[in-house]
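One line per chain: the protein sequences are A and B, in this order. For the first sequence, counting from 1, position 188 maps to 188 in our numbering; every step adds exactly one. For the second sequence, counting from 1, position 95 maps to 284 in our numbering; every step adds exactly one.
Derived from the structure by calculation, the hints contain no laboratory data. Since this is a predicted model, take the numbers as computed values, not measurements. Just so it is clear, CB atoms sit at the ideal spot from N, CA and C, and this is done for glycine as well. Worth double-checking, as some hints may not be accurate.
[What the hints assert, rightly or not] List of simulated lysine-lysine pairs, DSBU-like, C-alpha gap at most 35 Å: (1) Lys195/B x Lys38/A; (2) Lys212/B x Lys135/A; (3) Lys49/A x Lys324/B; (4) Lys221/B x Lys95/A; (5) Lys38/A x Lys212/B; (6) Lys95/A x Lys324/B; (7) Lys238/B x Lys49/A; (8) Lys32/A x Lys49/A; (9) Lys79/A x Lys195/B; (10) Lys95/A x Lys227/B; (11) Lys23/A x Lys212/B; (12) Lys175/A x Lys195/B; (13) Lys227/B x Lys23/A; (14) Lys358/B x Lys23/A; (15) Lys32/A x Lys212/B; (16) Lys38/A x Lys221/B; (17) Lys268/B x Lys23/A; (18) Lys364/B x Lys6/A; (19) Lys195/B x Lys6/A; (20) Lys221/B x Lys175/A; (21) Lys175/A x Lys227/B; (22) Lys268/B x Lys135/A; (23) Lys32/A x Lys227/B; (24) Lys23/A x Lys324/B; (25) Lys49/A x Lys212/B; (26) Lys195/B x Lys95/A; (27) Lys221/B x Lys79/A; (28) Lys79/A x Lys227/B; (29) Lys49/A x Lys358/B; (30) Lys268/B x Lys79/A; (31) Lys79/A x Lys358/B; (32) Lys268/B x Lys238/B.
[To be verified] Covered by chain A, per the in silico footprint, the following chain B stretches (three or more residues, Cβ under 8 Å): (33) 216-229; (34) 247-260; (35) 266-277; (36) 336-348.
Protein chains: 2
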Amino acid sequence: MNMDTKSLLIDTSTILFQQKGYKSVGLNEILKACNVTKGALYHHFPNGKEELLITCLHSLNEVIITDIEAIFSRHLSTKEATISMIDTLIHQFEKDGTITGYTFSSIVSEMATMSEPVRNACGALYENIQNIYCKKLQADGFSNESATSIALFMTASIEGAMMLCLTQKSADPLKTIASLLPNLLNSLQ
Amino acid sequence: MNMDTKSLLIDTSTILFQQKGYKSVGLNEILKACNVTKGALYHHFPNGKEELLITCLHSLNEVIITDIEAIFSRHLSTKEATISMIDTLIHQFEKDGTITGYTFSSIVSEMATMSEPVRNACGALYENIQNIYCKKLQADGFSNESATSIALFMTASIEGAMMLCLTQKSADPLKTIASLLPNLLNSLQ
DNA sequence: CCTAACATACCAACTGGTCTGTTTCTATTA
DNA sequence: TAATAGAAACAGACCAGTTGGTATGTTAGG
């Protein structure tokens, strides 16, 4: 089984979907970007575009979890790990103008109310991210309950900050979040 | 000058754009929802769909600012006002399953990198929201600088929480944010 | 030789947008 | 006040381009 074409399709369209959303990206655009024909696409994804998107979300899930987990195991406290993670986001944003590989807000807001499978895939992704935060917070000494709350708070504020970065064409919102989050962690410990 | 048709178009498509994003909403869908013809639409919006969207964003701006300002003038402290505001969002979400009139994340994430005019309109909207928070925080005694930071933090976490609500089909994320924000405000005062 | 992995022509449905009417309102003038 | 001119407010047919998807091929590898 030759996975190269399939992987190429997934990797390319993951980026495109993240940058532009679902409807904005046409099959022809994906095909051209991959230099692949429609026959090949429908061979690997018989159910078409939405199946491709969901596969992309699963793939993205693995990438994000791996990356964040690596950062979080590299640092002692949640505080340090979070700052390091946001730093990574900031650098990518300042380099590329977008954040691929960490966010999928375009897909959430566009598809959550339209397709249950897509909504579930997105939900699982957020859940996994929150779980990493949550475990580290518990290791920091937080109670089960407050760790869950804070993890959600972190996920939300980082996701929201990325939206603000997009509209402002500046990484400042993420920087502000990074500087405030430690205070929040201290105040609740 | 008869504004009824134009207003109807703006109000209807504002909701549709908020719920589904920009590309997902077709002109025909808007036209059918309004019971208006293409001729009428292009009479009021000669530059077509994008002009309609930007007009919707401006209209949304006024609505949001008016609503939030009303809530914030009704309460003494930022803490109380914020909780009251989030309560409004929670109630709407639990009633309708969506939050129209307060968020436009679908448009931001989809269009911010595609159209400068749209990005600017979205940026202005976030800026206005933050300004309301900021002023109230200053009235609470926060310094200019920290008021700005906290206002951004509030905007981001609320916006992010709404995304989480969408994926979870539950208002819990917003509730969590509402219960944590007061702690943050206390810890920084 | 059979199946996986393509390639390509084709399709109906729909997209945003234009063009040419027609109606309705309104201001002006005889 | 009635007639009329002109503009605003539509209505609806039409269009080229694109959409996601299919059907029927061909090619290459085990």
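(request) Run the structure past the numbered hints and jot down the numbers of the failing ones, going up. (result) 1, 2, 3, 4, 9, 10, 12, 17, 18, 19, 20, 21, 24, 26, 27, 28, 32, 33, 34, 35
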